[in-house]
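*Asks:* Next come the chains, spelled out residue by residue.
Protein chains: 2
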Amino acid sequence: MVNYYIQPNDNPELTEERKKCLFDTQKLAALYYGGFDKLKKKREFEEFIKNLPEFQNEKNLIFMNRLERFDVNSRKSVAFLEHFFNKVDTSNPDEAAMFYEKFFSYDGSPLSLHFFVFLPNILNSMSQEQQEYWLNLVMEKKIIGTYAQTEMGHGTNLRKLETTAIYDKESDSFIINSPTITSTKWWPGNLGKTCNVTILVAQLYIEGKCYGPHSFMVQIRDFNNHMPLPGIIVGDIGPKFAFSSIDNGYIRFNNVKIPREFMFMKYAKVEKGGKYCKPIHEKAAYGSMVFVRSVMILQQAQYLAMACTIAIRYSCIRRQGELDDKSKEVKVLDYQTQQYRLFPQLARCWAFVSAGKYIMELYNKVNQDMTLGNADLLPQLHCLTSGLKAVISYQAGLGIEQCRMSCGGHGYSHASGLPNIYATQIGGCTYEGENMVMLQQCARYIMKIIDNVKNNKNTLKNDKLFGYYFENINNKRCNNIQEIFETISYKTAVEVYNRLNNLKESGMVHELAWNNCAVDLCHVAKAHIRVFLCFVYNEFINKIDDHQIKSVLSLLKELWEKYELIKISTSVLKYNLISNVRLDEIKNEMYDTLKKVRPQAVSIVDSFDFSDRDMISVLGRRDGNVYENLLKWAQESELNQFEVLPSHKKYFLPLTNTTKKSKL
Amino acid sequence: MVNYYIQPNDNPELTEERKKCLFDTQKLAALYYGGFDKLKKKREFEEFIKNLPEFQNEKNLIFMNRLERFDVNSRKSVAFLEHFFNKVDTSNPDEAAMFYEKFFSYDGSPLSLHFFVFLPNILNSMSQEQQEYWLNLVMEKKIIGTYAQTEMGHGTNLRKLETTAIYDKESDSFIINSPTITSTKWWPGNLGKTCNVTILVAQLYIEGKCYGPHSFMVQIRDFNNHMPLPGIIVGDIGPKFAFSSIDNGYIRFNNVKIPREFMFMKYAKVEKGGKYCKPIHEKAAYGSMVFVRSVMILQQAQYLAMACTIAIRYSCIRRQGELDDKSKEVKVLDYQTQQYRLFPQLARCWAFVSAGKYIMELYNKVNQDMTLGNADLLPQLHCLTSGLKAVISYQAGLGIEQCRMSCGGHGYSHASGLPNIYATQIGGCTYEGENMVMLQQCARYIMKIIDNVKNNKNTLKNDKLFGYYFENINNKRCNNIQEIFETISYKTAVEVYNRLNNLKESGMVHELAWNNCAVDLCHVAKAHIRVFLCFVYNEFINKIDDHQIKSVLSLLKELWEKYELIKISTSVLKYNLISNVRLDEIKNEMYDTLKKVRPQAVSIVDSFDFSDRDMISVLGRRDGNVYENLLKWAQESELNQFEVLPSHKKYFLPLTNTTKKSKL
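Heads up: the sequence lines are chains A and B, in that order.
The first sequence begins at 1 in UniProt numbering and counts up one residue at a time.
The second sequence begins at 1 in UniProt numbering and counts up one residue at a time.
So that you can see chain A by itself, here it is in the shape it has in the complex (with noise of 0.2 Å):
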């Protein structure tokens, strides 16, 4: 079994640890990957961009101001127009999205929205001849274009959004304006500087009355000189938390018209003269966010490899104080702390790709069902979807800045990367709906089901996913972790749907009894969601046919199963699962699984296989040479273009011109 990370000239701390791998490392890889000609792809696609012109001694991102990573990455995305076509199997958005992400650092391009939000939003929302229309104006690279959603003064309530799209008979067209400033679209990415088109949703009006919110889509700037139109304000929104290489931005309409025809009409439509259509299925609008949350599973899991990756490489390579040998200070990943902080977020990592992968492969069939007019499961995936985005999206979150944090001073640096993957990820918390609103959408639908058990309406009783909730609890048997958490999430499930009862039964509207039991509600979608994860990691390990990969793997979802049942033992003791005793045996093993995860910890984050292109990090480097790159990176900073700053001469040498002597 052998790493196959090992190189020569590389720091023998890193070595060391890659010797100790008990598995094939490309194996992991292509289980992480997806299968062997995925990294492949992968590989090949790193290969032939290291090597284009635009690639050529890259300066870090860190060190630019957004102008200059607006040009840098500008010119890359002629680059990456130029290459697509040729390069990439464009039948497959798997390897579309990679060619994309080997071009492009996790702060966005001016494509980002372009590619996979606006694309995607003509394929699932327009009419096919509206797509043709379209889609050959971005063949032809006449538009890049956005989608506008959320304004100012409004997020997640869509039904409130202000912007108004009403229909004029006369000229068969929508005139658009925002009438407040809270109606200003704010957010929306790349429709700062960088769009000439933009899918807009506003409330439809056709005479006088108001159909809700509806997509049109909206040219914004003049194709040949890029000026706003006329009617139109837009700008970037100002710098965020990270994101800078993406221009965020507002947009106010003053009567902008745009053809009837511009209005998409897959679903809802609008007729010549104004007659309103309806669509087929309310819930066809549901599926572009479905999409969107169920692809962030597998980024969120990203983000969190790479802190874990860089964290625990340089966990071998830093040393710090001693333990037995008074002679030697050992690598700081020997100690017990510094494995609890790590070890689990690794643990994680591999249940929410696990995750992930399974919810890409529902969304495809329910996808499928779909178009042949079944949204049966639609509820369901909208249901974990909601719930899995808002606990992984945290969770990682947490993760990421323990990795930070474990690096010490060095974590807190730019060079680590480590505050950039943090400041990127933790958006997700947020983005495509706030986090406490999506354990209540999470919620509602397990507070239906309960309210289908107790009732006798057994319709999900042999759902993989949900079936648990149907079983007799009462009399189930905690053999096993899995039975634990089904346990758990199904009687805090119960518990709160009584009370919900209780507060309407004694006169309270339904809105506000929620009100009163949310905080609890969020709690079920939590636990659900743990049910969920146990499952799918178990599952995942069980399809693996390689024996060692599948150990290793294994080793990982012990240490998770264990870590995540300590970090609820109040309701294990509470509901009287397991005892005291017990549970303190589970801790004590938790921390001696530790203890065998620590050899194999190098290589299992090796496997991720990512580049030090993908990670821009100085600690996480693969050759693990950090000390000397630290002092070398450090010399790029703006600073350190002058000997002595000229806010220095300006300021302070007048202070103490009297000085004579020029040394002490």
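Treat the hints with care, as some may be off.
A pair counts as met if it fits within one copy or between any two copies, since identical chains are not told apart.
[Claimed, not checked] Keeping only pairs whose Cα atoms sit at most 20 Å apart, straight-line, the calculated EDC-like set for lysine to aspartate or glutamate is:
1) Lys574 to Asp584
2) Lys567 to Asp584
3) Lys160 to Asp324
4) Lys160 to Glu322
5) Lys240 to Asp107
6) Lys567 to Asp520
7) Lys663 to Asp222
8) Lys596 to Asp520
9) Lys160 to Asp325
FYI, nobody ran anything at the bench for these hints, they're computed from the structure.
In this text the structure is predicted, and so the values were computed from the model without any measurement.
Please build the complex by placing chain B on the supplied structure of chain A, with the hints as guidance.
*Replies:* Coordinates of chain B only, in the frame set by chain A:
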């Protein structure tokens, strides 16, 4: 009772909140700042500084690159030095710090280390004669100094620092060297570009013998032209998560010679000829570490207080979704989930404030004792500051992120100020002692106490902070939450103590046994800190005379106690301290407390009396006029200086230059 922050033209949403105030905000503000006189002084400084020419038309730092920030802050530094001695009672360190704080944002300045570390070190660790010499140079503004201890490869473990100061008998001087890459001094604030002298911690060698780390004063740049002196390489370490306005630096020495008298000689001494005199008191060097950690408590509380102010005000401006009244969206602060995110943070804030004030008093007492040669309380203070620093910095970080996320998308924008408050504050988990190390230092003292308990050495039996360890806990009734916390702390400590001893009795060396229990030892420390916080919170409130102020803070304390109790309910159940049923009741009481805090929330945060200048936040503005100012703020964005970005013209427009039509 009255909220003094109401003004005409405010956002009526905030005025409505402020009218609900049940206490005198002036009195609560005075309590926060430590008296009416201090509050008055603070406002006086604010008024004075606001009118200085250097502060007119202030641009938001977030839109500046580092060179621009240095220009602005250097200009302000000159003004600061000009006015400091007339405006400030320099014998009052609080007042001096306050004056500094009003000049510079929490992002730091060229004078940060000079004032808060360099000067105190001279005062604490130099002989009287040395002090006179160096303070004179400070007064003449000839020197700006910092403190260089941490090396690239060495942080916490001072004994392993590699920089050497070798005594040269011939010239009666020390020769300073950086023998390896990892010995490069790395991180000291203001070292990179600003300072011309530094306190340097290096291994002292005399005639081949190493005497361990000692402090030396070293000139590093020429007083006339500010160029690095021969043998010195110095520069900025590059960008970090925050603190862009500070030039954290690196420095390398090649045979740099300093006079023998430049060694810090209050404690240890080297005489002419090389005779080494040991310090009278081994622990004297402790002092400055303990001081910085003591100061940090209130600082950390302040970051959290700012975040609470921003989030709570904004949550009364933002409306989203409906509850019982379908005609109007509700303020998001009316959601239980929002209250649960925010109010416990506010409650923790005041717990931290209580702790910070208590610790500063204790520090002053210990310091006084020590000048009289009595260091008895130092180990206690060291234990408390280590543990508190770790617990508070971590909890403040979690809290600030909850505040940020509770603002939805706008919280992610730098317009909220929250990303930078978080990135700044969270450094506190790492600097001045990495938190995991700090918790274990705290636990080390507690293990000694348990050892005394077991051996019936009741040294601290009547101590108000540690005495509970000596009570007969098994017979103790848990009549209130304080007693529950004490019982848990005691039992947790004894459990770990026993496991530690069992491991050692089974033949394990102490360090390995300790490492095997390290995670649980951290829990021991946290459990004691919880007891301490509960104690000081109570004591703080008990001292308040004003009935209304006492009442509103008692509400927060009640929330704090219940929130913390629920967080550790595993231990409550494990030790069978209260029943399941009672625990559920307490949880529901906690939710009820949230509702009681709700109408006072804005007035409580108003009373922190932060000015808009302090907070640098559009969302947190006192006047609540958020939305129009978001739009205004965005105009300053670097990207908005061009209607069409130069990079767009260069790269994207040529892609479509065959287009004739400029509009669809």
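*Asks:* So, for every hint listed, does it hold in this structure?
*Replies:* Going through the hints against the structure:
1. For the identical chains of this complex, lysine 574 and aspartate 584 are neighbours both inside a copy (15 Å) and across copies (10 Å), given an alpha-carbon limit of 20 Å.
2. Taking the shortest alpha-carbon separations for lysine 567 and aspartate 584, both the intra-copy value of 12 Å and the inter-copy value of 18 Å come in at or below 20 Å.
3. In the homo-oligomer, the alpha carbons of lysine 160 and aspartate 324 lie at most 20 Å apart only across protomers (17 Å), although the nearest pairing inside one protomer, at 65 Å, exceeds that limit.
4. For the homomeric pair lysine 160 and glutamate 322, the shortest alpha-carbon distance between copies (11 Å) is at most 20 Å, but the shortest distance inside one copy (61 Å) is not.
5. Proximity of lysine 240 to aspartate 107 under the C-alpha cut-off of 20 Å is found in both arrangements, the shortest distances being 11 Å within a copy and 16 Å between copies.
6. For a Cα distance limit of 20 Å, the shortest separation of lysine 567 from aspartate 520 qualifies both inside one copy, at 16 Å, and across copies, at 14 Å.
7. For the identical chains of this complex, lysine 663 and aspartate 222 are inter-copy neighbours only, at 6 Å across copies versus 63 Å inside a copy, given an alpha-carbon limit of 20 Å.
8. Within a single copy, lysine 596 and aspartate 520 get their C-alpha atoms only as close as 36 Å, which misses the 20 Å cut-off; across copies the closest is 19 Å, which meets it.
9. Only between protomers do lysine 160 and aspartate 325 lie at most 20 Å apart by alpha-carbon distance; the minimum there is 15 Å, versus 66 Å within a single protomer.
The structure shown violates none of the earlier numbered hints.
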